[in-house]
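Given the coordinates of chain Z, work out where chain X should sit on it, guided by the hints.
Residue numbers (my numbering), protein chains in the order written: chain Z, 589 to 927; chain X, 589 to 927.
By construction, these hints were calculated from the structure, which means they are not laboratory data.
You can take every hint at face value.
Now the stretches of chain X that chain Z is said to cover, found in silico as 3 or more residues with beta-carbon under 8 Å:
id, stretch
1, 620-632
2, 637-647
3, 680-687
4, 797-805
5, 812-822
We put the CB at the ideal spot given by N, CA and C, even for glycine.
Residues per chain are reported as follows:
2 protein chains.
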Amino acid sequence: MTAATPFAGFEALAYHGGDLAVARRLAPDAPQPWIDLSTGINPHPYPLPAFPPEAWTRLPDRDSVARLEAAAAARYGAPDPAGLVAAAGSQEIIQTLARLLPARRVGVLGATYAGHERAWRAAGAMVERVDDVDRLAAFDAGVVVNPNNPDGRIVAKDRLAALGGALAARGGTLIVDEAFIDFDAAEQSLAPAPPAGAIVLRSFGKAYGLAGLRLGFAVASFEVAQRLRAALGPWAVSGPAIAIGCAALADEAWLAEARARLAADAARLDRLLIERGWAIIGGTKLFRLAEHPEARAVFERLLRAGVLTRPFADAPRRLRFGLPASSEHWERLAAALGG
Amino acid sequence: MTAATPFAGFEALAYHGGDLAVARRLAPDAPQPWIDLSTGINPHPYPLPAFPPEAWTRLPDRDSVARLEAAAAARYGAPDPAGLVAAAGSQEIIQTLARLLPARRVGVLGATYAGHERAWRAAGAMVERVDDVDRLAAFDAGVVVNPNNPDGRIVAKDRLAALGGALAARGGTLIVDEAFIDFDAAEQSLAPAPPAGAIVLRSFGKAYGLAGLRLGFAVASFEVAQRLRAALGPWAVSGPAIAIGCAALADEAWLAEARARLAADAARLDRLLIERGWAIIGGTKLFRLAEHPEARAVFERLLRAGVLTRPFADAPRRLRFGLPASSEHWERLAAALGG
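Just chain Z, with the same shape it has in the complex (with noise of 0.2 Å):
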């Protein structure tokens, strides 16, 4: 494996970032334990507080759904419960509106997350990038994913409240993805008031370092959260994913600390990128984007010594780093990334 030598597998990890396994085999012999860099997930998890064995046991009760959303509309300022819907992961909101709304002609702002595309591709709408915020408005739909990943471009709501409300004007929907907002421009997000006809998404995975408990939630009108409250199911979201849920998202003491602690890391991690040689194009507090004249080739190396990046199939120039857990992980990167 070269820099010269496009390698089988390198699509897998171009494609999303976090599958460790398809690493495990591009380069079996890399020191142990990985380290996974390559998604945005804040490596300082929630701490799993104690719940009630029933949690895992019964099967969720509305009550007990109600309570989580109301949590979460609290927690995102969201104006009425009513308009929350909590789903397992915000990928599953993804999927789920492309099948419910009725647009055929999508518009997603610029190169991002490739969920939404994929989504909509799959339910059978044609799908169209742009470059212009205020395009989106000619489309059925606009998908604006706020910051975006991975270069991190904020959008003013403002401007999106115009959007939608253009969108809106000719029947058309307006879906802002904030999976990344807690961390950033926080106060850019449309959840405390959702012009009408706006879907928001907020991912909770992210934030709380908590990915593989697939929680996330939508912020809409009544009507379209009823409808995706149906089209979800009677039991969308695990027990655990309830009770977790309400705690993390009633603390706001760790929120707190969680924004002082990434902030720094991300610094960190940009004065480390900075001083080998590399351009920080952009990212959030959970990741950063940056660009090198040789990055494909630091890519492969970072691979051997067991650390996981994220490239870009387009941008061969670029990597997105996601921040390292612990000492060790940021001593092991500073060594593989070399002088």
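Chain X only, in chain Z's frame:
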């Protein structure tokens, strides 16, 4: 609240079991804690195994899902893990199949779990209930819950295989929901040899007493399995469900003990009910369907005693009883049923 007075909320309890929140509102003064006998979930859950924190923190990767599917294939005797698909509960599979399959006319065998009919109607299909299994061959899709919930009726696998063949010859699909087959007629499961074009559903949460975990499986042709996987999306099963499922599905000793214990518990429940003038209509080892002229009055008396059973809107003389979990629960049930 008397037997003569229809009471608000009854519909919610007759719709499906397990909603203690509704029961609490109906009988706010009932003794605590509530005893929920309204579902068919093993009251002796699989003991939670230790698992690594990464199950909570990481996005579940494809290799760990493949391990879970291999464990399920071994447990259910499925011919090929590639045709076995894990999902967040068999309810999610029911909903997804109703959207994926082109069936417009769907036949459902007898009075059964209402989730099938609901899912197909939500997907725009016409649904008809038939009482003769062979009549299902005339539909685009035929649904058989085997053993049936609530009456426990079992259709022999040879007859289902013939039905599957007749449906497939016309381009139709047989769906066999084996949610309750683990402790009853497991030898009649079609999972080891699904007829061409048939889809077999298995539930994890009921047999293993972990309904809050959300885990279920489909066994199907490779082609249907691929479409189902794509529709469910990349992270359909939570990390804890993967870790716990892998351990539980491989534990044959626990399964043998559970089988013996549940058989004894079901026989004990039958005796308790028969001694009090109930006729046992049927059921499985996880619930018993019983008939009594005063069933509705007994349901309300049990509710006031903090014991929730499962009534049926269209069968006022019948109740379904799950198994009590402890000697205290057995005693409270016996006392509330009266002499």
